[in-house]
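Visitor: Spelled out from the first residue to the last, the chains are:
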Amino acid sequence: MDPIGTNGGLNLYGYCGGDPVNRSDPMGTRWDWVTDANEENGGHYVWVDSHTGSAALDFFVNVLGFYPSKPTSPPAGFVPGSGGVSPGGAGLPIGMGLASGGTNMAPGEVAGFVHGQVNPVVKTEMALATLPASVVSPLPAVGALIGFGGAVLHGQDPLEGATFGSMTAIAAAPASGISGFRLFLSGTGTFFGVRGGINDIESGNYGGAAFNFGLGGASAYYGSGDTKIFFGENPRFNPLNYQVTSEGFGANFGNARIRYVAPPSSGLTIVNRAGMEFETVTDVKGRPVKIYGQSSSSSTTPGHDTTMLEYARALAKTGDYEYLTLQRSWRTATGRVGTSRAIPDVIGVQRTGVVDAWEVESLTDNQQALRSRLQTGQSSLPLQRQGTIDIIQPSN
Amino acid sequence: MNFSDECATLAFYGIDATKERMVVFYNGVVELFSSLGHPATSLGVTGKGYGPKLTAFLRADNKLRKTQFLNVNSVSIYAGIPGDSVPNNQNVMSASMDTSCAVIVARSSILSLQNMLPLLAKMLKNLNPIYGIGYNRSYKKGPWHYAVGVGYSYGIQEAIESITGSAREEKSRISKWSQIGMEQEVYRQGLLRDVYAWNILTAPQLQKAVNGVPLKNWIQADKFRGKLNILNDSVTLWEVEEEKSSEIRSVLWDAGVIFDWRKFVPQHTEPLNPDESLSMVLDLYKKHGVAPDDVQVLSGKTGKEILPAQVKEIANKSRKKKA
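Listed in order, the protein sequences are those of chains A and B.
Note that the first sequence covers residues 302 to 697 in this note's numbering.
Note that the second sequence covers residues 15 to 337 in this note's numbering.
If you are wondering where the hints come from, they were derived from the structure by calculation, not from laboratory data.
It is possible that part of the hints are untrue.
[What the hints assert, rightly or not] Chain A is nowhere near these chain B residues, computed Cβ spacing over 12 angstroms in every case:
no.: 1; residue: Gly58
no.: 2; residue: Gly65
no.: 3; residue: Pro66
no.: 4; residue: Leu68
no.: 5; residue: Thr69
no.: 6; residue: Ser90
no.: 7; residue: Tyr92
no.: 8; residue: Asp112
no.: 9; residue: Ser123
no.: 10; residue: Ala173
no.: 11; residue: Glu175
no.: 12; residue: Ser176
no.: 13; residue: Glu184
no.: 14; residue: Val265
no.: 15; residue: Ala269
[Said to hold, decoys possible] Some residues of chain A that are not near chain B, with every Cβ distance over 10 angstroms (derived):
no.: 16; residue: Glu580
no.: 17; residue: Ser596
no.: 18; residue: Thr640
[Said to hold, decoys possible] Coverage of chain A stretches by chain B, computed from C-beta distances (three or more under 8 angstroms per stretch; other residues unrestricted):
no.: 19; region: 628-635
no.: 20; region: 666-674
no.: 21; region: 682-690
Computed from a predicted model, the values in this text were never measured in an experiment.
Positions of the beta carbon are idealized from the N, C-alpha and C atoms, including for glycine.
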């Protein structure tokens, strides 16, 4: 988590480019690669280091006015070395709620934030769903906001509606919570921050909120002499999974840094069942790429099954694919993002989130039926995820 | 018997796909195949009551006629090599029709594109398309697949070779034609899929502006740009010689007349390079009263400060580039 709390942007994972597994920022001013851990870890967060969390509270107090008066010292939950969560500042209960299930915290960590990061999707959704009104009031969901940010960051693909839906619902929340949520969402660097904070700010598309936060943070802290921009290497934003790959750039509005980088990931997960994993292939970058499904089909055409398997292996090696399936439905292969139950011979989920599919033709296939199977399946995906569809004549 | 690898292909989009017209299409194709000495050998039908496999022509034809095309979504007619079981695209002729398009493919040695003119006239009368194309393509490159917007690989080796590079790009473009071009019927907006030997155009395409003039006028303004042949009240055939197509394509692409799928996929954000990122953030600061000189810029890679003069230079360069 960001050592300087939400001063560094309400995305508390932005401090290390959204990639705390691989990066650290012990002094709260910069990040480096910690380890060259593989990219499949995206979405899991490991606390690395911290030295202060107080600014976070200041932000909420001063900017959002959640506290009746500015506390003279940060609440315990945010204090480094406190040993994790303690029932400190009034604004923290929800944050603690998120943290309460945490097991990965080490002494000295900023507990209130940590656990939301460990498994953002589940924890956050649970937290949001179970927030009692008494907790939300009178201090609107500071902790939950933070957790939610974690969820959005790496949890779900907003294109698919789930996360986005949550946001819509939140935006329509009772007045007391609106600004807090909005500001938080906007500041959630890797979702609205990256999306809104960089390009969409201008257009106001979602970024209205991002804009508010980023600049709100900036103006609140500007003048402290800490205004910085981190100028990284080659930020590449992927609109499909809302992640920025490679080195990111970051802006430090006041102390509010927004630095984005996340491991490349499709944002999709297969509906995995026991025994479905077929084999693992090592790609050109040395990463394991799983092939799920089965390589034997009912086709009697010579070479059908070997073509299917050989091709899937070749695709896996390219480094472009996160995983592949053999004879699995679009629904299964894309974690129900694609709704079609049609079963193409091979589906490849690219790291960019785009999904390709292939049919190996049999001598007796009606090509219209093959085509229809491919096109129907593809069209059940969001347009941005639709990749190539291809028919392969088998090798004998 | 030897046949050419090359296949002449006619494809029609935005067709009247009523059951009656499908019957006319079907009968016409069956008759055509027979008249050319290659009667239909197999038939594929999709729709309720039909399986995903091909069936011997006579049996399937009998069922189709008996049921009067009830619940039929598509028909695919193949003229194969008698006694030889080959993959579909190696048949000597094929034709298909569904609600989105109608396609006729023939080995050029049996029926060349130039000899398809009478067939084209017949098809136009029946199908009343908004747009169509005619081209030559080797059976190994899947002429039918190209028409309907599906990639085709002739064997595993070719499939593997097309995983990367320009072949992959081409397959992507082919897929996008079905996913976006056909799905959204972009030809009704006057867009062309590309420039082909035959471009079967109607009002939306003919009136599409190219450098300020309608495409029709633009073509007529220079003999180099090909020949227009009015086929009926609504359809004009634009023939383009192969060696000239690349230059014409380039002009039409720049004029936004050729289908560019990227314009149809929501692009949330273009990737920013580091210079653009810096420039944008500095601009944002400036907008809110923070002078660029007051902003300290650190290298994300080294953590070291980038000197203000260098920052300014990077930002200016990026702005100029953008402008």
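Visitor: Please go over all the hints and tell whether each is borne out by the structure.
Guide: How the hints compare with the structure:
no. : hint    : in the structure
1   : Gly58   : violated (3 angstroms)
2   : Gly65   : violated (8 angstroms)
3   : Pro66   : violated (4 angstroms)
4   : Leu68   : violated (5 angstroms)
5   : Thr69   : violated (9 angstroms)
6   : Ser90   : violated (5 angstroms)
7   : Tyr92   : violated (9 angstroms)
8   : Asp112  : violated (7 angstroms)
9   : Ser123  : holds (21 angstroms)
10  : Ala173  : violated (5 angstroms)
11  : Glu175  : violated (10 angstroms)
12  : Ser176  : violated (8 angstroms)
13  : Glu184  : violated (10 angstroms)
14  : Val265  : holds (28 angstroms)
15  : Ala269  : holds (25 angstroms)
16  : Glu580  : holds (18 angstroms)
17  : Ser596  : holds (14 angstroms)
18  : Thr640  : holds (16 angstroms)
19  : 628-635 : violated (count 0)
20  : 666-674 : holds (count 9)
21  : 682-690 : holds (count 6)
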